[in-house]
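Enquirer: Sequence:
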Amino acid sequence: MPKMQLFSTLLHLLTLYLGGIHAQLDSYDVRESTIDGVHNALYGGLTTCRAVVETFIARIEAFNPALNAIITLNPNALSIADDKDYALAAGNGTGSLFCIPVLLKDNYDTTDMNTTGGCLDLAGSQPTVDAPVVTAFENAGAIILGKTNLHELALEGLSVSSLGGQTVNPYDFTRTPGGSSGGTGAAIAASFAVFGTGTDTVNSLRSPASANSLFSVRPTRGLISRTGIIPISYTQDAIGPIARNVEDLAVALTIMASVGYDPSDNVTALIPSSSIGKDYSAALYGGSLQGMRLGLIEGFFNRTASSETTPVNNALAAMVTALTAAGATVIPIDETIYNSTALSSAYDVQKLEFRQEMDAYLTRPSLHGTHPSTLNQLYSSGEFLVIPSQYSFVNTSLVSSTSNATYPSIKLGIQNLTTALENTFKSNTLDALIYPEQANLVVKIGSPSQIGRNGILAALTGSPVVTVPAGFSPNTTDAPIGVPIGMEILGMPWSEGKLLNIAKMVAEVKRVRKMPASTEMVVESQSLAQVPKIVPDTKDIPSLYPVGVLY
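Under mature numbering (1 follows the signal peptide of the UniProt record, and there is no 0), read the sequence shown as residues -23 to -1, 1 to 528, first letter to last.
Hints may be right or wrong, so weigh each one.
What the hints assert, rightly or not - Ranges between beta-carbon positions, derived for each pair:
hint, residue 1, residue 2, range
1, Ala302, Ala43, 35 to 43 Å
2, Ser251, Glu38, 23 to 31 Å
3, Ala319, Pro249, 29 to 37 Å
Unchecked claim - In silico DSS-like pairs for lysine-lysine, Cα to Cα no more than 25 Å straight-line:
hint, residue 1, residue 2
4, Lys421, Lys403
5, Lys475, Lys403
6, Lys487, Lys475
7, Lys388, Lys328
8, Lys255, Lys475
9, Lys421, Lys491
Derived by calculation from the structure, the hints in this document are not laboratory data. The beta carbon of each residue, even a glycine, is placed where N, CA and C say it ideally should be.
Construct all of the structure, not just a fragment, from the sequences and the given hints.
Expert: So, in structure tokens, the structure goes:
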């Protein structure tokens, strides 16, 4: 038989074989799926990569119209999945993220999808180079399934944007999903992918994790390259993963941190040799809560009793009881310096760095397509959505820079705060600090801002934080199983492995994670000829958020 005819015959048989498996497993259940779960099914011949991707897309088609979490799907996702199936059949199905569908917050640069920041004025902005972490995911075998909605340009925590509309919390459709990475939070809670990514300038990885019963990690400043991410603040920006379990979080962090030193983000020069090429999954094993010393920051609670604050206080009290029963010692930390409102007011530098960072991003040679070339052009275009609480921030940003006289004194204040935090750890012999991510339940849709969040401490000091589910509020008509509540675990720089180990033990001592009742239904996969287009729903943006020219 001629070689070409033989090849054609083998390819035809392989296609029939893969199609047969796919036909048998259209009902493959991806709800709450893990990296190991997908790999076990895939390598065990129980499913195909295409079937996995199609099932996730089926869930998105079924539930995204209500949640509005996805801005766009990767048009190449199915063909990439087919390539993975051919590679697997040929014995080449390797990589820690082989065939793992991942969602990216839509401020990560990707060459096969526009990167919009949720902004109408950036809808045509097309990077020609992937962000380094996106390349790292793809090199590990991941399939970038699509991009998620966010609060416009990641400037607040409500997850509403002019391009993506309002994302809804899957646990309570009257509430926001946190933010700014709220699209990722809602999507991962609803099992639209195995895990997703976010960014964090003040709270934005941890807020949606808390509000959607998920795990996240904000890494030490410098651990993960921020190149190719729409920026806000050189000092405060960080990127990281959001997942449904600690194990997947550790794998995702390992891949993201594998970029290592990046000359385009010089803060990565701070990475110590002990953190280069580290496998964070290995850090999950062993350890004990027995004898562990955890500081509870009292200033990060709102002790005024109400339906919005009491559930948080009760959830954290129950968590402290569980940790104490497991052998940990919880030490109250009542130093007055730990006041989130005061810290934000005194030291938040994003308004002084935003314009310079955005101008540099918008003028990169690798950014093609249609987009403004400066922040001022973007804001004066009439295509940007700005909520009232952002007006003063934006006006300040447009006339501010790091040359402002106040900037050096604020940076010195941040340095002093970092020293004070280190002193708190040493004087109390702490392994970590714990506190509620948000002192009240995630706010309702239409609220002017996401109040009560405690992320500023890590954002300013560059400290690593792992967020874990801590509990739920009592169930109501709007929230059938309650509203999720999260806890932050903060450590000293480069202690991500230790924090993940603590998070795993916390998750084992007190199992909290529940899937949303609104998306718990099994959705059958469907044979797709092409990836469907997602059209975000912007018609329900509350009138409180006017679209128009800022000034």
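Enquirer: Now look at each hint and say whether the structure bears it out.
Expert: Going down the list of hints, with the structure as the test:
1. Ala302 / Ala43: 35 to 43 Å: Since Ala302 and Ala43 have Cβ atoms about 39 Å apart, the given range 35 to 43 Å holds.
2. Ser251 / Glu38: 23 to 31 Å: violated (45 Å)
3. Ala319 / Pro249: 29 to 37 Å: At 32 Å between Cβs, range holds.
4. Lys421 / Lys403: violated (39 Å)
5. Lys475 / Lys403: holds (16 Å)
6. Lys487 / Lys475: Between Lys487 and Lys475 the Cα gap is close to 18 Å, so the pair holds against 25 Å.
7. Lys388 / Lys328: holds (13 Å)
8. Lys255 / Lys475: Distance ~12 Å between Lys255 and Lys475 Cα, so the pair holds.
9. Lys421 / Lys491: Measuring from Cα to Cα gives roughly 21 Å; hence the hint holds.
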